[in-house]
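S.K.: Next come the chains, spelled out residue by residue.
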Amino acid sequence: MSNYAKPLPVPNEDTQPWFDGCKQHKLLLQYFPSADWWQFPYSERCQEDWSTDWEWRESKGEGTVYTWGLMHQVYHPSWGEEVPYVLAVVELDEGPRMNTTLINVEHDQIQCGMRVKVAFDDVTDEITLPKFEPA
Amino acid sequence: MADPIAGQTAICGLGVTEMGKIYGHDSYWFASEAIKLAVEDAGIDKKDIDGLLINPGITSFLGGGISIPLQNHLGLRNLRLLNHMNSFGATAIGMVHYAAMAVNHGMANYVVCVFADAPLQKGGSAGAAYGGGRNRGPEGMASLGPAYGFYGANTGYALAARRYMETYGVEQEKLGNVAVAQRQWATTNPHATMRDPITMEDYDNSRWIIEPFHLLDCCLVSNGAVAVIVTTAERAQAAKSDPAYVLGMGQGHPGNLAHSSVETMTTSGATLAGETAFNMAAIDRDAIDVCEFYDCYTYTVLRTLEDYGFCGKGEAGDFVADGRTAPGGSFPLNTGGGQLSSFYMWGMTPVAEGVAQARGSAGERQVEKHDAVLISGNGGTLDTHGTLILSPRQN
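Taken in order, these protein sequences are the chains called E and P. Position one of the first sequence corresponds to residue 1 (our numbering), numbered consecutively onward. Position one of the second sequence corresponds to residue 1 (our numbering), numbered consecutively onward.
Keep in mind the hints are simulated off the structure, nothing from the lab. Hints may be right or wrong, so weigh each one.
[Stated by the list, open to error] If the Cβ cut is set under 8 Å, some of the chain E residues that face chain P in the computed set are: (1) P11; (2) Y42; (3) Y75; (4) T100.
[To be verified] To give an idea of the chain P side of the interface with chain E (calculated C-beta under 10 Å), a few residues: (5) G75; (6) Y98; (7) M101; (8) A102; (9) Q121; (10) G123; (11) G124; (12) M141; (13) L144; (14) P146; (15) G149; (16) Y151; (17) N154; (18) T167.
Note that beta-carbon positions come from the ideal geometry of N, C-alpha and C, so glycine has one too.
All chains should be built: construct the whole structure from the sequences, respecting the hints.
M.R.: See below:
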C-alpha cells in the first residue's frame, strides 16, 4: 500500500469526518432535515432550502450508474499502466450523484442504469476510496 | 409589438488574429492585435472606443490571462464601460448582449468585446494545457477527482455524451458525422488550423481520448484572439464594413446540480435561451438560414440542435447523418469548421463565423442565404448557454 502512486485526496477540516467515515467503510452524506435533502459533495448550506442545519448520515451505499466512460489519456503518470480505466457517475438512492469508479465488472458489461453498491478500497493506511460494484 | 432593442444594435467590426500554434506572444498581445484588426475593419478611431468587455480563456487559470489591465495595454482612457466577464463558453455571446444593451441605452457608443488565449507552449501538448497543467492542489472533496482519475474538460462531456447515447440509442458514427461535415467546411476557411478533409475511417481510427470520444470528437486548443465591436444600428450604418444587426438575444443557464432531482447531461440551456432570443427577433426557427453552434465536442452540436428544437430528443444523429449540415447541404452548420476544425476561441469561434456569414464576408464558404444566423455559446458542462441571432437586415 505504501507504493500507492496515484493522486490522493487531501481531507480538510470540513470534510475530515467524511474521509473518516470512508475509513470505517461507511459512506456518509450530509442530511438536511428541514428540506429532507441529502447532499454531496460537501457544502455548508442546503442547496434546496438554504438551511445550514444538517448532520452526517450514513448512505445505504446503493444506487445506479448515471453514466460512465473509459479514460485512455494519461494525464498523470501514475495512471499509465491502468488505462483504459473506468470513470463513473453513480446516482445514490438518496439523490446525490458521485464521481467515482466501478470495480469487479467487465467494461462491456457496464450500462447506464445498472444497479451498484459501494465497495470500499483502502488505498493507503490513511485513505479509503468508495468505489462501486454491481449489486 | 416589435421588441425595443431588436435590430437597434449591430456588430460593426470583427478582428481575428492568426490562430493555432502561434508562439512568442502572450494573451495581451493577441487581444490587442484582434482589437486593432476590429477597429480597422469598422473604420473607426481608437479614441472612439468607450467600452471594453474582456474574456480570458484557459490561460487565466494557468497564469497570464487577459484582464482589466488590457485597458492600459491599449492606452485607452476614460472608458464608459469596462468589465472582465466569465460564464465560460457562453461569455462571448454574453459580452455582445451586455454591450448591445449598453449602447442601446447610451452608456457607451462603441464597445469592444474580446477573447484571447495563449495556452499552447512550444513542445507542450494541448492536453497539458487543459488537462493537468494546473499546479494548485485542490483539497477536500474537490481533491477526489484526480484520485479517481477525473481530469480535464473532456471527462464531463464524454460522460454526458455516453448518457445521451445510451438514453436515446445514438450510435458512435453519429458523432463522427459531425466531425467529418465540419472538416469539409474548414477546408475552405483560411483561418482554420485543420484543413485536410477527413473520412469516417479517419474518425474511427483516431485514438480514444475518453470513450465515447475519439480525438476527432474534441475541439482544438489554440493561441489567438477574436474581437468584435458592438454599436448602435445608426453608427454601424456609417461604419466601413457592413453591419451584422443583432436581432435576438437570450441566455439560459440550467447549472449542473449533481442530484437525482435534475437531468443535467442530456439537456442544455439552449431551449430557454433560444425562446428568449426567438421572441426578441420575432422569428421562428424555420427562418434560420445558418447555424454557428458552440462545438467543444461533437456531442455538443447534437445536443444543441435538439434543444433549439430543430429535431426531437435523440434525433440529431439522424438529422446530421445525410450530409445535411455539410457544404452543399440544406442546413449549413458551423460553416468555418467550428472549434473542432478551425480554432478554439471559446464562444468567439461561433461568433466570429456568424458575423462573417451574416454580413456576407465569408468568402469561398459563404452561404448564399444568410438573412438569419443563429449563434450559440455553451459553457461549463452544458451549464451555461447564450444565443445570438444576427442578420444583414435590420428587421
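S.K.: It remains to establish, for every hint, whether it holds in the given structure.
M.R.: Here is how each hint holds up against the structure:
1. P11: holds, 7 Å
2. Y42: Result: holds, 5 Å to nearest chain P Cβ.
3. Y75: Hint holds; Y75 (chain E) Cβ to chain P Cβ min 4 Å, cut 8 Å.
4. T100: holds, 6 Å
5. G75: violated, 41 Å
6. Y98: violated, 28 Å
7. M101: violated, 30 Å
8. A102: violated, 33 Å
9. Q121: Result: violated, 17 Å to nearest chain E Cβ.
10. G123: violated, 18 Å
11. G124: violated, 13 Å
12. M141: holds, 4 Å
13. L144: Nearest chain E Cβ about 5 Å off; hint holds.
14. P146: At 4 Å from the nearest chain E Cβ, P146 (chain P) passes the 10 Å test, so the hint holds.
15. G149: Holds. Min distance 6 Å.
16. Y151: holds, 4 Å
17. N154: holds, 7 Å
18. T167: holds, 7 Å
Going through the hint list in order, the structure does not satisfy hints 5, 6, 7, 8, 9, 10 and 11.
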